[in-house]
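K.L.:
So you can see what is in the structure, the chains are spelled out below.
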Amino acid sequence: MALIKEPDFGTPERPGEATVSVEVDGMPVKVPEGTSVMRAAALAGIDIPKLCATDSLEPFGSCRLCVVEIDGRRGTPASCTTPVADSMVVRTQTPKVEKLRQDVMELYISDHPLDCLTCSANGDCELQDMAGVVGLRQVRYGYEGENHLDAAPDLSNPYFDFEPSKCISCSRCVRACGEVQGTFALTIEGRGFDSKVSPGAGESFMDSECVSCGACVQACPTATLQERSVVELGMPSRSVITTCAYCGVGCSFKAELRGDELVRMVPHKDGGANDGHSCVKGRFAFGYATHPDRVLKPMVREKITDPWREVEWDEAIQTVARKMRAIQDTYGPSSVGAISSSRCTNEEVYVVQKMVRAAFGNNNIDTCARVCHSPTGYGLKQTFGESAGTQDFRSVAKADVIMVIGANPTDGHPVFGSRMKRRLREGAQLVVVDPRRIDLVRSPHVEAAHHLQLKPSTNVAVINAMAHVVVTEGLVDRSFVAERCEGFDAWAEFVALPENSPEATEPITGVPAAEVRASARMYATAPNAAIYYGLGVTEHSQGSTMVMGMANLAMACGNIGRDGVGVNPLRGQNNVQGSCDMGSFPHELTGYRHVSDDAVRTVFEELWGRTLLPDPGLRIPNMFDAAIDGSFRGLFVHGEDIAQSDPNLQHVSAALEAMDLVVVQDLFLNETAKFAHVFLPGASFLEKDGTFTNAERRINRVRAVMKPKTGKHEWQIVCEIATAMGYPMSYDHPGQIMSEIARVTPTFKGVSFELLDDLGSVQWPCNDEAPEGTPTMHVDAFVRGKGKFAVTAYVPTDERTTSRFPLVLTTGRILSQYNVGAQTRRTGNVAWHAEDVLELHPLDAENRGVADGDMVSLASRVGRTTLRARVSDRMPPGVVYTTFHHPVTGANVVTTENSDWATNCPEYKVTAVQVALAHPLGRHASESSETGRLAGVD
Amino acid sequence: MAATVQPEERMANQIAANFRHVPGDRAAEAIAAHIRLFWDPRMRRRLLEVADRQADDLDAVVLVATQLLRQPQEASGG
Numbered sequence: 001m002a003l004i005k006e007p008d009f010g011t012p013e014r015p016g017e018a019t020v021s022v023e024v025d026g027m028p029v030k031v032p033e034g035t036s037v038m039r040a041a042a043l044a045g046i047d048i049p050k051l052c053a054t055d056s057l058e059p060f061g062s063c064r065l066c067v068v069e070i071d072g073r074r075g076t077p078a079s080c081t082t083p084v085a086d087s088m089v090v091r092t093q094t095p096k097v098e099k100l101r102q103d104v105m106e107l108y109i110s111d112h113p114l115d116c117l118t119c120s121a122n123g124d125c126e127l128q129d130m131a132g133v134v135g136l137r138q139v140r141y142g143y144e145g146e147n148h149l150d151a152a153p154d155l156s157n158p159y160f161d162f163e164p165s166k167c168i169s170c171s172r173c174v175r176a177c178g179e180v181q182g183t184f185a186l187t188i189e190g191r192g193f194d195s196k197v198s199p200g201a202g203e204s205f206m207d208s209e210c211v212s213c214g215a216c217v218q219a220c221p222t223a224t225l226q227e228r229s230v231v232e233l234g235m236p237s238r239s240v241i242t243t244c245a246y247c248g249v250g251c252s253f254k255a256e257l258r259g260d261e262l263v264r265m266v267p268h269k270d271g272g273a274n275d276g277h278s279c280v281k282g283r284f285a286f287g288y289a290t291h292p293d294r295v296l297k298p299m300v301r302e303k304i305t306d307p308w309r310e311v312e313w314d315e316a317i318q319t320v321a322r323k324m325r326a327i328q329d330t331y332g333p334s335s336v337g338a339i340s341s342s343r344c345t346n347e348e349v350y351v352v353q354k355m356v357r358a359a360f361g362n363n364n365i366d367t368c369a370r371v372c373h374s375p376t377g378y379g380l381k382q383t384f385g386e387s388a389g390t391q392d393f394r395s396v397a398k399a400d401v402i403m404v405i406g407a408n409p410t411d412g413h414p415v416f417g418s419r420m421k422r423r424l425r426e427g428a429q430l431v432v433v434d435p436r437r438i439d440l441v442r443s444p445h446v447e448a449a450h451h452l453q454l455k456p457s458t459n460v461a462v463i464n465a466m467a468h469v470v471v472t473e474g475l476v477d478r479s480f481v482a483e484r485c486e487g488f489d490a491w492a493e494f495v496a497l498p499e500n501s502p503e504a505t506e507p508i509t510g511v512p513a514a515e516v517r518a519s520a521r522m523y524a525t526a527p528n529a530a531i532y533y534g535l536g537v538t539e540h541s542q543g544s545t546m547v548m549g550m551a552n553l554a555m556a557c558g559n560i561g562r563d564g565v566g567v568n569p570l571r572g573q574n575n576v577q578g579s580c581d582m583g584s585f586p587h588e589l590t591g592y593r594h595v596s597d598d599a600v601r602t603v604f605e606e607l608w609g610r611t612l613l614p615d616p617g618l619r620i621p622n623m624f625d626a627a628i629d630g631s632f633r634g635l636f637v638h639g640e641d642i643a644q645s646d647p648n649l650q651h652v653s654a655a656l657e658a659m660d661l662v663v664v665q666d667l668f669l670n671e672t673a674k675f676a677h678v679f680l681p682g683a684s685f686l687e688k689d690g691t692f693t694n695a696e697r698r699i700n701r702v703r704a705v706m707k708p709k710t711g712k713h714e715w716q717i718v719c720e721i722a723t724a725m726g727y728p729m730s731y732d733h734p735g736q737i738m739s740e741i742a743r744v745t746p747t748f749k750g751v752s753f754e755l756l757d758d759l760g761s762v763q764w765p766c767n768d769e770a771p772e773g774t775p776t777m778h779v780d781a782f783v784r785g786k787g788k789f790a791v792t793a794y795v796p797t798d799e800r801t802t803s804r805f806p807l808v809l810t811t812g813r814i815l816s817q818y819n820v821g822a823q824t825r826r827t828g829n830v831a832w833h834a835e836d837v838l839e840l841h842p843l844d845a846e847n848r849g850v851a852d853g854d855m856v857s858l859a860s861r862v863g864r865t866t867l868r869a870r871v872s873d874r875m876p877p878g879v880v881y882t883t884f885h886h887p888v889t890g891a892n893v894v895t896t897e898n899s900d901w902a903t904n905c906p907e908y909k910v911t912a913v914q915v916a917l918a919h920p921l922g923r924h925a926s927e928s929s930e931t932g933r934l935a936g937v938d
Numbered sequence: 001m002a003a004t005v006q007p008e009e010r011m012a013n014q015i016a017a018n019f020r021h022v023p024g025d026r027a028a029e030a031i032a033a034h035i036r037l038f039w040d041p042r043m044r045r046r047l048l049e050v051a052d053r054q055a056d057d058l059d060a061v062v063l064v065a066t067q068l069l070r071q072p073q074e075a076s077g078g
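Just so you know, the sequences run in chain order A and B. Everything in the first sequence is counted per UniProt numbering, starting at 1 for the first residue and increasing by one. Everything in the second sequence is counted per UniProt numbering, starting at 1 for the first residue and increasing by one.
Calculated from the structure, these hints are not laboratory results. The beta-carbon is built from N, C-alpha and C at its ideal position, and this holds for glycine as well. You can take every hint at face value.
Label-pair ranges, simulated between beta-carbon atoms:
hint, chain 1, residue 1, chain 2, residue 2, range
1, A, D293, B, Q71, 51 to 61 angstroms
2, A, R322, B, Q71, 32 to 42 angstroms
3, B, L48, A, R322, 33 to 43 angstroms
4, A, R301, B, A33, 43 to 53 angstroms
In silico SDA-like links for lysine to any residue, alpha-carbon gap of 20 angstroms or less:
hint, chain 1, residue 1, chain 2, residue 2
5, A, K381, B, L37
6, A, K788, B, L37
7, A, K5, A, S239
8, A, K788, A, E493
Sequences are here, hints too, so could you generate the full structure?
P.N.:
Shown next, in the form of structure tokens:
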């Protein structure tokens, strides 16, 4: 496919019912009221010359290149800042405006390097293009006057260069940083001739607050801000549209290549999830895909103490099949199983669970979503009837109150975070429920109305207290509840109990009652109020209860079933939603249908030709327990590093060591591979062909940018293992797998690769009732019929602080890194985060004699590690915080076996710990160990 | 929690704690239903073994639930 250049209409769309009719250069065009003359002309097929305008940004009117003449009006107004009026007659090419444009271009070029042939933007420079468009033939001012040609470049960022000598001060970068990204790291410093783009207060890009999202690079019309890969490799010549493999936002990108070499990833303007925006990970951190650490040949060994031996694919596959069958022959059909990955495509996940159910003959299939959002699946299924978020991302633009609970969107889901910040700048109110003062609480042009800084593990007490206010203060949406819900009376009676009042729960939660009351009133009385949440909700012993608690609150206030409202999980990994949809929980087939349902099983049995078991299989933590008791002895781990990401790693290690066969498929020899007998090399997202489903249920195509470096697609490998085990599985193309998924899954009935190629993406349910998908769920009725209020009694966690372990550890992620860091640590992103640090409050630091930067030991009842301290008042006293991106940190050495009561999702967010100054001369605890340990996975 | 506690014992007691607001018999039914829906058969067997061997370690309502789990289930129609 040739290089894709999306059309640029110059100014943003102005949606609206009312239209006006105008004439541009004799062409009639009808456009929504408020549309600019420039956009109206573009819609009529007439491109007015421009430099400072682009349709991702509000019009600015500074370059004066887009001037036009309008009948009946004086002068030559800028077409970007002039809205159309009915019956307006516009002339875009007259001798007067042509002369003006030439004059403007002369001025620009008189202070611009004339190095077009050697410039990195040659062929992709709007200044160059405009010089041609306006017919510039001379620069009468000469080039010898005072100029900016000697301005020093800023090469501090690992991914892009800033060459101020090429800057035309159009402010597109500054405006992109503010309007699109919402960081406001850039400004125009000085006046007149001294005007220049400046990161922060005259700092370098690296030292400024720039978050390297790439919006400025994207917006720059010249080579002033340019990807370093373009500088080094040259302009790409073709594009492949695909989907990012980092977080659950699922941004669409144009992978731009020169030949078969990937030059850059550019956010796709038509991407339904991202609308042309990106973050530092998706935009720039793709170098891991070609990192020399990647393993490209299959390997086997008899014992985990033996050295690896490279083998051909056939031998590796036969070894897996033979050993799996041997284990089953000795220990029974349920002695083996598999773990699928939320980083893999829907098609890959589907064939893995099919292999387990049809070839292994059991339900021992689980997914890494177990340890992140399994409570979402449980809680939303119980209350709404579907294990998925209710909205599309665009819905946030209609929210009047946004409640963010246990999530940090600007770091964890940055492109959605930018959408949210845009709405907050427009005036929406914000409530943050989080023990930590995340950036959203107060950042440029955004300030939370309320920050409920609760004690870790008390989410349910807080949500019940909010519900108490809603019920006892008469804020319930009675008509919604009466028409749409059931179980309200019992729930209302429960939350109205005095023990659930904000005053009664304040000693438990630490949140002032007045703040809870004000927040509840704000949420309940807003025209549209939306809840967004993350792992700070789910990774608790009451994760599922809290999900139901939020659903209760939304139903009670009628905040379900339209734009601007809803209960929305922010999924951690790219395909958490999809991996759950694809039947990779041990109790559910595709589409969240229980294995005990005879009718559902029959559908699969008839298609697959195998009898399926009606009982649930083992969940991941249960697999470890069963491995230790000897009843579970063979495991296929697909793209998941359980020896790094799962809690209580001593237990995990003991389980893996006890197994007869561990098969790992991954890009790298990860921690789990240390326990493996067979290693199957995996394919990066750039080599995959299939689909991912993001947090808004949007199914996006993942297209192969390059052939698999291993010689095989991952779905092929799984099929070959199943076949070698005596259950033939074969597909010619992943599109056939999706067709099978659609055949057996009512919510995917209308999905096909052809439809996705046609529409770009689609949000399930996609079937006869919704042939182009479902952006908003539960519009007229809940999926389960009536929305079900669930009584959500607060049960304190078993994890208690003691005199020995008096602090609570909670974990999270930062912008530049992703999960256990296997990918991002192999990119330039390490420039921002070379190590994990432990944030602790100044009071806790002082009590322990800890200063900022000291090495400290972090100990819980199950383990101990060492890391560097950062003294910060972002945490309340008594709570410490760390990220989990670097193996040497080892936070999962200290996390415990506690888990959500309903789903066994680990309680990563609450661990009683002690912090002490490490021996001043002591080495980092994990530096001497080969095995790094990390916490938390999503 | 002591490391020697059986996982099934710990999990069942935790489920019971989360159904504490439900009256006795209904709580036992809810617990049994939850375990049937989400637990692998070998885990259910282990729980029944705990009930036989160390009944005192189990919440009273879990014990009632184990009685329900011993009863055969009708085939599901979905």
